[in-house]
Amino acid sequence: MSPMDSILSGNYIKKNGRTYFEKNKFYKLEELDSSRKSIEEIIYRKLASGIGVIIKNENGYTGFADIRRDGTSNGK
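Residues 1 to 76 (my numbering) make up the sequence shown, in order.
Derived from the structure by calculation, the hints contain no laboratory data. Incorrect hints may have been included.
Quick list of simulated restraints, FRET-style, between CB atoms [said to hold, decoys possible]: (1) Ser-6 - Ile-42: 17 to 25 Å; (2) Arg-18 - Gly-60: 36 to 44 Å; (3) Lys-25 - Asn-59: 26 to 34 Å; (4) Asn-24 - Ser-2: 36 to 44 Å; (5) Tyr-61 - Glu-41: 39 to 47 Å; (6) Gly-60 - Gly-17: 40 to 48 Å; (7) Tyr-61 - Asp-5: 13 to 21 Å; (8) Lys-23 - Gly-63: 24 to 32 Å; (9) Glu-58 - Lys-14: 16 to 24 Å; (10) Thr-62 - Tyr-12: 35 to 43 Å; (11) Asn-57 - Leu-8: 16 to 24 Å.
Straight-line distance between alpha carbons at most 20 Å, and here's what the computed EDC-like set of lysine to aspartate or glutamate pairs gives [what the hints assert, rightly or not]: (12) Lys-25 - Glu-58; (13) Lys-23 - Asp-66; (14) Lys-25 - Glu-41; (15) Lys-15 - Glu-41; (16) Lys-56 - Glu-41; (17) Lys-23 - Glu-41; (18) Lys-56 - Asp-5; (19) Lys-23 - Asp-5; (20) Lys-14 - Glu-58.
From the three backbone atoms N, C-alpha and C, an ideal C-beta is built for every residue, glycine too.
With the hints as constraints, model all of the structure from the sequences given.
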């Protein structure tokens, strides 16, 4: 998987016995969820992301950032 494919894939968070999946990104899980019997609560919602990738290569650096990013970044 390329860095950009990874960034564009669905985001999820586990917190206090709940799992939050990014809405409209985990289609197969959403289909299975209707028949799932579990104590853990699953919630589908819009999620922001803070992931960014910088790769050093022979020509310098290549960077990728999630368009859902909700913050800023800097470096030296």
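Verification of the hints:
1. Ser-6 - Ile-42: 17 to 25 Å: holds (22 Å)
2. Arg-18 - Gly-60: 36 to 44 Å: Distance hint for Arg-18, Gly-60 holds at roughly 42 Å.
3. Lys-25 - Asn-59: 26 to 34 Å: holds (32 Å)
4. Asn-24 - Ser-2: 36 to 44 Å: Taking Cβ atoms as reference, Asn-24 and Ser-2 lie about 21 Å apart, which means the hint is violated.
5. Tyr-61 - Glu-41: 39 to 47 Å: At roughly 41 Å between Cβ atoms, Glu-41 and Tyr-61 fall inside 39 to 47 Å, so the hint holds.
6. Gly-60 - Gly-17: 40 to 48 Å: holds (45 Å)
7. Tyr-61 - Asp-5: 13 to 21 Å: For Asp-5 against Tyr-61, whose Cβ atoms are near 19 Å apart, the range 13 to 21 Å holds.
8. Lys-23 - Gly-63: 24 to 32 Å: Cβ of Lys-23 to Cβ of Gly-63: about 27 Å, so the range 24 to 32 Å holds.
9. Glu-58 - Lys-14: 16 to 24 Å: About 38 Å separates the Cβ atoms of Glu-58 and Lys-14, which means 16 to 24 Å is violated.
10. Thr-62 - Tyr-12: 35 to 43 Å: violated (26 Å)
11. Asn-57 - Leu-8: 16 to 24 Å: holds (21 Å)
12. Lys-25 - Glu-58: Distance ~34 Å between Lys-25 and Glu-58 Cα, so the pair is violated.
13. Lys-23 - Asp-66: With a Cα-Cα distance of about 16 Å, the restraint between Lys-23 and Asp-66 holds, given a limit of 20 Å.
14. Lys-25 - Glu-41: Judged against 20 Å, a Cα distance of about 18 Å means the pair holds.
15. Lys-15 - Glu-41: holds (10 Å)
16. Lys-56 - Glu-41: Outside the cut-off at roughly 40 Å; violated.
17. Lys-23 - Glu-41: Holds: Lys-23 and Glu-41 sit about 15 Å apart, inside 20 Å.
18. Lys-56 - Asp-5: holds (18 Å)
19. Lys-23 - Asp-5: holds (17 Å)
20. Lys-14 - Glu-58: violated (38 Å)
In terms of the numbered hints stated before, the structure departs from hints 4, 9, 10, 12, 16, 20, listed from lowest to highest.
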